[in-house]
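Novice: Given next are the chains, with one letter for each unit.
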Amino acid sequence: MATYLEFIQQNEERDGVRFSWNVWPSSRLEATRMVVPLACLLTPLKERPDLPPVQYEPVLCSRTTCKAILNPLCQVDYRAKLWACNFCFQRNQFPPAYTGISEVNQPAELMPQFSTIEYVIQRGAQSPLIFLYVVDTCLEEDDLQALKESLQMSLSLLPPDALVGLITFGRMVQVHELSCEGISKSYVFRGTKDLTAKQIQDMLGLTKPAMPMQQARPGQPHEQPFVSSRFLQPVHKIDMNLTDLLGELQRDPWPVTQGKRPLRSTGVALSIAVGLLEGTFPNTGARIMLFTGGPPTQGPGMVVGDELKVPIRSWHDIEKDNARFMKKATKHYEMLANRTATNGHCIDIYACALDQTGLLEMKCCANLTGGHMVMGDSFNTSLFKQTFQRIFSKDFNGDFRMAFGATLEVKTSRELKVAGAIGPCVSLNVKGPCVSENELGVGGTSQWKICGLDPTSTLGIYFEVVNQHNAPVPQGGRGAIQFVTQYQHSSTQRRIRVTTIARNWADAQSQLRHIEAAFDQEAAAVLMARLGVFRAESEEGPDVLRWLDRQLIRLCQKFGQYNKEDPTSFRLSDSFSLYPQFMFHLRRSPFLQVFNNSPDESSYYRHHFARQDLTQSLIMIQPILYSYSFHGPPE
Amino acid sequence: MSQQGYVATPPYSQSQPGIGLSPPHYGHYGDPSHAGSPPGMMKPAGPLGAAAPGGMLPQGPSPPGPHQFGQNGAHAQGHPPQRFPGPPPVNSAAPSYAPYSPSTQSSYPSPASTASVTQLASQLNAMHINSYGTGMAPPGQGPPGPPSAPLFQGLPRPPQPSIMQPGSQVLPPPPTALNGPGASPLPPSTHRQDGLPGPAPLNAQYQPPPLPGQTLGTGYSPQQAASYGPQMAGGQLSYPGGFPGGPAQMAGPPQLQKKLDPDSIPSPIQVIENDRATRGGQVYATNSRGQVPPLVTTDCVIQDQGNASPRYIRCTTYCFPCTSDMAKQAQIPLAAVIKPFATIPSNETPLYLVNHGENGPVRCNRCKAYMCPFMQFIEGGRRYQCGFCNCVNDVPPFYFQHLDHIGRRLDHYEKPELSLGSYEYVATLDYCRKNKPPNPPAFIFMIDVSYSNIKNGLVKLICEELKTVLEKLPKEEQEETSAIRVGFITYNKVLHFFNVKSNLAQPQMMVVTDVGEVFVPLLDGFLVNYQESQSVIHNLLDQIPEMFADSNENETVFAPVIQAGMEALKAADCPGKLFIFHSSLPTAEAPGKLKNRDDKKLINTDKEKILFQPQTNVYDALAKDCVAHGCCVTLFLFPSQYVDVASLGLVPQLTGGTLYKYNNFQMHMDSQQFLNDLRNDIEKKIGFDAIMRIRTSTGFRATDFFGGIFMNNTTDVEMAAIDCDKAVTVEFKHDDKLAEDSGALIQCAVLYTTIGGQRRLRIHNLSLNCSSQLADLYKSCETDALINFFAKSAFKAVLHQPLKVIREILVNQTAHMLACYRKNCASPSAASQLILPDSMKVLPVYMNCLLKNCVLLSRPEISTDERAYQRQLVMTMGVADSQLFFYPQLLPIHTLDVKSTALPTAIRCSESRLSEEGIFLLANGLNMFLWLGVSSPPELIQGIFNVPSFAHINTDMTTLPEVGNPYSQTLRMIMSIIQQKRPYSMKLTIVKQREQPEMVFRQFLVEDKGLYGGSSYVDFLCCVHKEICQLLN
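For the protein sequence lines, the chains are S and R, in the order given.
With the first letter of the first sequence counted as 1, position 449 gets the number 449 in our numbering; the numbers rise by one all the way through.
With the first letter of the second sequence counted as 1, position 164 gets the number 164 in our numbering; the numbers rise by one all the way through.
Read the hints as simulated data drawn from the structure, not as lab findings.
Only a predicted model underlies this, so the values are computations on that prediction, with no experimental measurement involved.
Glycine included, every Cβ here is placed at the ideal spot set by N, Cα and C.
Be aware that one or more of the hints could be misleading.
Residues from chain R that keep clear of chain S, each with C-beta distances beyond 10 Å, as calculated [unchecked claim]: (1) S288; (2) R363; (3) D430; (4) Q506; (5) T513; (6) E517; (7) T754.
When the alpha-carbon atoms are kept at most 25 Å apart in a straight line, the in silico DSS-like pairs for lysine-lysine are as follows [stated by the list, open to error]: (8) K436/R x K260/S; (9) K472/R x K987/R; (10) K987/R x K684/R; (11) K148/S x K81/S; (12) K593/R x K198/S; (13) K198/S x K493/R.
Under 7 Å between C-beta atoms, here's a sample of chain S residues computed to sit facing chain R [to be verified]: (14) V188; (15) W254; (16) F630.
Required output: the full structure, derived from the provided sequences and hints.
Specialist: Encoded structure:
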């Protein structure tokens, strides 16, 4: 048999899953003694060029509390045309389409190599992708110029039928109407006034106009989806128009006196963008792309006042409780992020400035909705330009590497419960039999919403073994977990990707070696790091470090071999040998250390750490030092 | 407050009880005493004489008299014939008046200061007084009436009686003037009649005892008899007492039998023509203190020689009483109507601009009055004494100049501020907001693009017109292009701002939907120089009508529109003017939202005033903000139903803007009128962000202000803008005694920003006389200014008091002023005579016009909006405009001399003056009517309308066809002359005799009984006379 390393790699390639433990301790008690929780890193949309989606819908378990999807682990009675759910053991009849089923004629989902399978849902109206640009105009001339060019360029990268919209902001917020010919028209909002979604929709005329039009022309079928057509238009229709419009964008014309920051209404602009999409395309994939060149300085969500002599908050100020706008601003953006997530939209933040731009307060917008966060010095740098271009990169099929409005559902077999997830997601608050009472990360639910994700987006999912010590799992028993990800593909199809995995149970007392050997120290390090970073968001830095240290010590105690009072005798097996080193680097990484980082930078690093796949994460924890020479490949 | 004074004085009302109206005193002024005093004096018959006796009453004029009075004479001349026709004839011979029998003569005789006094004979015309008379009076009187005058009382009455319709006429008969002119004064009895319209007055008084004295008694007897008869006789005797009865009696009895002949009562036309004849075409130099200028209707050249031209300031009287007691006694309002930016004809010198550089204007250290001709230089020119506060100031070194032998500075004639009544100073930075030079003003055009405006083509019309009219933005004379920037906003229930920056290929529209808290969405590109952005602006104006062509938005907002404009000006840090084109009640959810609250049931109740008040206080606050930022709002309203002018018009009024209203606007009928108004309004001379301060010499001060102004405190008159048509009426009160030798000085200083963005001070100085003689006061009054004051005072009071009370107060005060004159200045005459001071001869007719104005008439037939509109217009009118507005000009066209360029002589506004064969043109400053008699001469019809007959005339037209015919040309020329000096474009209505629209036309025949109530001139005169009689008792 192959080594565990190969096994782990194989699983990762096929299913996009890395577990901290690949043989599971069979009781709750033993599991807790393992120190590192049973958890996995899941990359739901891992690119699988070899996996063409099937064009039919999944078969579900008929038990309403289960609804697990037919998978290779299920026992099938080909004669009776029955299958047994491997999660709840319910016996289900195959649907009529499966009448031809037999041992030699199996549907893909029953084949072992299709432990991960993707279905395409044909039902339902397809709505185009939506890109709403929210552009700061309080920029330096060359910065703005560069940004305008990037945006104009991006129009050519968008799918022709995608809808685009443009909101610009400075002291005021302008929502540009794109459909009009001749005069360019925009709706303007004051940058200081917090508006409710309803107010925004009323003011944009998104609610009312539909009615009079219907009354006026009762005969015509109402074009519901295009009520908002004034603000969101298909790229192919208005790219000239929009290119011109972008070209004519001027710096915010309001005078900025010496010693002041420009007044920048980021909070209101975002709020309007969210409100606009909320009123027009709820539950349809949409990206709000915020380009900002400085901190919000007025209105709801302001992060710093406009007096230049008062610097933006630092970690020092935050510790001293001296960041007067932080709490309020954070609350504002959290509220927006939650609304956005509810609607299935995501928010990207492209912040390019030499100083901080308020990412600390705004981070939740990207974190909760699966949006990107890009931090740079200037829009006029290749860093930004290339990064932005990569957002629109395409995969081997010519599809954008982005998906929208996903829900991730986790089903477990009875011995397990799901304790939580850490990643660019929000809880959907779905309670169920497989939801643990203990929370790790975002817990208390078996479903999460991931509004924006790409093939590398990775979540850490934490489990709890609930099997009691006195009810041993039968020898050879396996625990199973099914991940069901429903999402809107960039081709606008609705798809469902199902990954079902199983691992052996082992008794930790008698079979500790097995368990130990099946330890994936890389995954474990990243999963522990995610927990640490998650804690660091809400706890004091030193507490987190202490916690990490204690965990490391306990792990070494458990799995290390040593003689008392003899440090030199300490040994860790191969499968654990790198783990302490990872922890060492993690302790001093920018994810946990804020020294010499601004709050914005910390937020930026943590944002990325919470969504990258294992390899990227490890590199981030422990940077690799390559050495280049003319005589050979990098080492 | 003052209003209260005039208006409400409690006293009035109280007193009235008995009679109805006139209590003896009026509020303030009322002099209590007067009652006691004997009735007035009469004027000698002589003077009056001229006038003949009133219709009924007749009197004969004193023989001699007539002519004498020069001016009066004028009347005289005119009058005699006309006026007193009838009855009096008899008298005619007689001295001027034969007043009625005089009852109490005794009294008369006495006091009468005969001399100067003038009396009006009641007779009417007699009126005159010589007062000023150019000398005439005196002379005239002298001779004739030498002694105490005869009693003219009679005279007065007569008219009344006659007038009075109702019943009592009384006088007529008897009267006659007695006075013979010289006749002895004596006879006591006078009669009064009352003419109150109403009731029968009493005639009692008159007793027939005719007066003997008069030479002519002739007339009397008969007449008297008649009249008196009914009435009581005895009254007279008792004179003072006698009358007492009067009131009571009045009520009753007698009626008039004969109608007073309208020709015999004072004619405004006659007065105007006389003034024109004596002073028209001449040079009027403002070189002496207290001189009474020619009437507003008289054309003359005004030369500034130390006092402000009457084009800038007109006073109700040019001679102030020395004490407040006197002022109270006479009850003549002391007021000035100031039009600081009045247009000056090209043949008069424009204002000089004085520039003292950084030193700024020279001002008195104590009262801050500006250097002016009233400053007295002393100590060899090193110091000067302020004429206003008497403070002695050092002359600043840069300003020093030696004095000549008469104590005048050597540079007296070189410095406008030393020798002229009006001039301008360049203001220094101290006079600027934030000590920064102001930016040039901006004009913002705000167009209502709701469904109805789009549909009726108004939006298109406005946009088209703006393209041409913007070429004519006002500019400083020396500049090539206008410094004024322009901006554009359209709106329905949301606001659309436009970026028309010159470097844009296309205008950009920015929609502001947050009407609850409006803000300006852009800075750069909103206000632009028209020349630079011309192509973008034209592009915009072309697109606006199309952009909203499919709009079916019916709701509009209003307050947010003003707010937006104001915020835009504030953001641009400049003053400016908003031109708002609006058509409906703003019902959309927003601040300043209005509901239809027009409730006819409130009319004639104490709550009627609510209709004139704004519905919400949003507009008040908004106006305050606008004024604070120099934002003037001009509103063009196109209502098709109730739009609540009282609310919508508030901001325009308080910010010195103008309100234009076009009911049921129809493109083909009304666009010309509207476009003319728009052009005028854009092009007219205007000053922005103005503060006016009135300084007076010691002893009196400005206490109340009326006009398109806003006052944060009691002295600074703030105006977002003031243009050449706006006048501010200022009332003065005594706070001490005035000295005859130093007179009363007024300095009006207006600090403002020019259209070029220069900060300037415009100073107008005026010196008035003071006198302790009531007669001097009456001599120097100007009725046109009085009516202007009364109108504004009453219209302001409308907001706070029941109309009935206001009307009563106006009548009472009129009567009081006249009674005071009669008692203290006129020579004795029969009590029944109505005696009017020469300067107030037409006060009753004008006052009646004011009372009949729809604002003061509580009639449900008149739309509330129209009343609110007219109320507002009058509040900012100058004297010339109010004169025309209340007493329209009626010109016979059929008698036109096509070869002459002069306007035909006007005729009185009464139906009886029209004739079936005639064509008449009537204009009041807002409307113009061409009335066609059914038998109008066909050649005229052909000439004017180019149609063969009366029946072919299409009355839908609002402009006359251009026919190459002398009639047509002359008529159109006349119309354009009439239109020329008026702030509002008049809409022409063609009215055919005996067709429905004639009803509207008739409302403007103000000497007749009004359609909706309001008494005829004759009736009103009787009424006033009755009041006077009561007062005299």
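Novice: Run every hint past the structure and note whether it holds.
Specialist: Structure-based check of all given hints:
1. S288: It holds; S288/R is separated from chain S by about 56 Å at its closest Cβ, greater than 10 Å.
2. R363: Holds, since 35 Å exceeds 10 Å.
3. D430: The claim holds: D430/R sits with its nearest Cβ about 24 Å from chain S, beyond 10 Å.
4. Q506: violated, 6 Å
5. T513: violated, 3 Å
6. E517: Contrary to the label, E517/R does not stay out of reach of chain S, its closest Cβ about 6 Å off (not over 10 Å).
7. T754: Holds, since 26 Å exceeds 10 Å.
8. K436/R x K260/S: With a Cα-Cα distance of about 22 Å, the restraint between K436/R and K260/S holds, given a limit of 25 Å.
9. K472/R x K987/R: Holds, at roughly 23 Å.
10. K987/R x K684/R: holds, 20 Å
11. K148/S x K81/S: It is violated: about 61 Å lies between the C-alpha atoms, which goes past 25 Å.
12. K593/R x K198/S: holds, 21 Å
13. K198/S x K493/R: Since the Cα atoms of K198/S and K493/R sit roughly 17 Å apart, the hinted pair holds (cutoff 25 Å).
14. V188: holds, 3 Å
15. W254: holds, 6 Å
16. F630: With a minimum Cβ separation of about 55 Å from chain R (threshold 7 Å), the hint on F630/S is violated.
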